[in-house]
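Asker: Chains as they are written, first to last, in my numbering: chain U, 1 to 178; chain A, 1001 to 1386.
Quick caveat, the hints were computed from the structure, so don't treat them as lab data.
Quick caveat: nothing in here was measured; it's all calculated off a predicted structure.
Just so you know, not all the hints are guaranteed correct.
One side of the interface only, derived from the structure: several residues of chain U facing chain A at Cβ under 10 Å [claimed, not checked]:
(1) Thr3
(2) Val4
(3) Ser8
(4) Leu95
(5) Ser104
(6) Thr115
(7) Gly119
(8) Asp140
Yeah, the Cβ is synthetic: ideal placement off N, Cα and C, and Gly gets one too.
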Amino acid sequence: MTTVKVMSEGASHADSVDALLKRPDFRKATLNMALACDAVRAVEAKLGDGWFKTRGDRTALVLGTAHGELEATTIFLRGLGQDGTARPFIFQNSLHNATMGFVSQRFGLRGPGVTVSNGDSSGPDAIETGLDLLEEPTIDFVLVVAVERPKPNLSEPPLAQARAVLYAKRDLPPDNIA
Amino acid sequence: MGVAITGMGAVSAAGLGAPALWESVMAGFPLSQNGICRLDPLHIERIQTTLANLGTGEVSFFESLALHAIYEAMQEAGWTELLPTDGLILGTTTGNLLNWETDIIEAGRTWADDATAFRRYEPLGDCVTSLRKVLKFAGPAQVITTACSSSAQAMALGTIWLKRGRVKRCLVGGVEVLSRLTVEGFRCLQLLSEKAATPFDQGRNGINLGEGAAFFCLERQASERALAGVAGYGMSSDAYHMTAPHPEGTGCYEAMKLALQSADLGREDISWIHAHGTGSVANDVSESLAIERLFGEEGPWVSSTKGVHGHALAASGALEVAIDISALRTGIVPRTLGLQSPDSRLKVRHPPAHLREPIRHILKNTLGFGGTNASLVISHPDEGLV
Chain U
1 MTTVKVMSEG
11 ASHADSVDAL
21 LKRPDFRKAT
31 LNMALACDAV
41 RAVEAKLGDG
51 WFKTRGDRTA
61 LVLGTAHGEL
71 EATTIFLRGL
81 GQDGTARPFI
91 FQNSLHNATM
101 GFVSQRFGLR
111 GPGVTVSNGD
121 SSGPDAIETG
131 LDLLEEPTID
141 FVLVVAVERP
151 KPNLSEPPLA
161 QARAVLYAKR
171 DLPPDNIA
Chain A
1001 MGVAITGMGA
1011 VSAAGLGAPA
1021 LWESVMAGFP
1031 LSQNGICRLD
1041 PLHIERIQTT
1051 LANLGTGEVS
1061 FFESLALHAI
1071 YEAMQEAGWT
1081 ELLPTDGLIL
1091 GTTTGNLLNW
1101 ETDIIEAGRT
1111 WADDATAFRR
1121 YEPLGDCVTS
1131 LRKVLKFAGP
1141 AQVITTACSS
1151 SAQAMALGTI
1161 WLKRGRVKRC
1171 LVGGVEVLSR
1181 LTVEGFRCLQ
1191 LLSEKAATPF
1201 DQGRNGINLG
1211 EGAAFFCLER
1221 QASERALAGV
1231 AGYGMSSDAY
1241 HMTAPHPEGT
1251 GCYEAMKLAL
1261 QSADLGREDI
1271 SWIHAHGTGS
1281 VANDVSESLA
1291 IERLFGEEGP
1301 WVSSTKGVHG
1311 HALAASGALE
1321 VAIDISALRT
1331 GIVPRTLGLQ
1341 SPDSRLKVRH
1351 PPAHLREPIR
1361 HILKNTLGFG
1371 GTNASLVISH
1381 PDEGLV
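Assemble the whole structure, with the sequences as input and the hints as a guide.
Answerer: Now the structure itself:
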């Protein structure tokens, strides 16, 4: 079994992404996408700008979420019901793995990308899946992101947040890490 | 070293059972109506009767498709029950959405409303919870929701679970039920063809959507009972676009390369590439360029079967692996239905007809929204890889 170490961690919550969501490149982003990117940015900030870009081929991304892009899904469906309109970018944002695709694009992560959804276990399951992938010979790093925007009626006040952890193989040669 | 597939089950627009799917591919008739391949109401009735006789109790449409395919697979594998040391991994994109989308579309509810159907069916994780209950299964279970690569990823992760010794046996597969969201979503992206899809053809007009479920029993040491083997897998991300594949197929190339590497096979070992082949221009170009780059112009046969059964999204990888196993059994490489004038930009070898020839290893590709790619090597059981 491969031994692993935590390289960096980051977190984000709804209040901290207001400015991010106003940026032109986040115009079509969901709250989950902004939260996840903000948490991953915090992970990268501890390692150096562009750290992921140069290691994207060897980095897997695993995202865990229980409800995924539920808000986008319901907006799309209400559009269908109200006036029959179907908006392409809302459809693409409605998939549970939309956030994973968005994060991989922004940070240049080209290794395996997996989204898992298993209720309250989504985060732990994402870690477990990430550690499984880290045992693959072609993977040196795994970025695990848990993101959730709970339904308003299930959490009062609703607490939208993301957390990201970067794991690495413990025995990686220093050149691979630096 | 791969793992053995000892049982398979499938339900689709082609009918009940994995053999029905293969017969439809061989018959070469599109199952789509106005671009949609739905399950036949008579088959749905038969599924419900079968499950009622098995005493499953009330289950959703999604669960009924899953259970029918699971029971078929377990019966073939000789599994009478699932044990706590077994695993279950399923891939889906929308889960039980069919059971609650009407609440939003027609009743105008919002995501904040606490409608019963919504609460019961919305969380994707509950898909596996309900299956666990019916199957009386207490082992580890996982829902993978990585768009159209979901069930191929489920098979790859099941293989990993077995190789790492996390489980002794693993049930893996995918389920997809057509919903208004899916149909109208693909329509608004202008990807949906109302005619039968003709992947790789210069006259192609888009994709057909499908639905269904396919499951497989995976075992580590069961070579004498193996239908086939999962000899290798490769997964990658394009990091390029939310819906379109990378125009040069870089992610697909990487996934195929990793799958061959993982199976310890060379390019010359692959007899057939069962393409993702949706029938969209972007997919055809991207995937073909990736294949040409890895295999050259004289590579293995390349064809798609989605013109027959449609694109069942998260379930597509699993449904098409069921076709692969039948191809290995019969030694027939299927042609691409409706391919008459191949797009001249695509430098891959299209089988001109169903071809009878020895098949040792098949490369199955899946490409999904979000830029996710997964490739599997499905091998003949005599290859000694399992």
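Asker: So which of the earlier hints does this model not fit?
Answerer: 1, 2, 3 and 8
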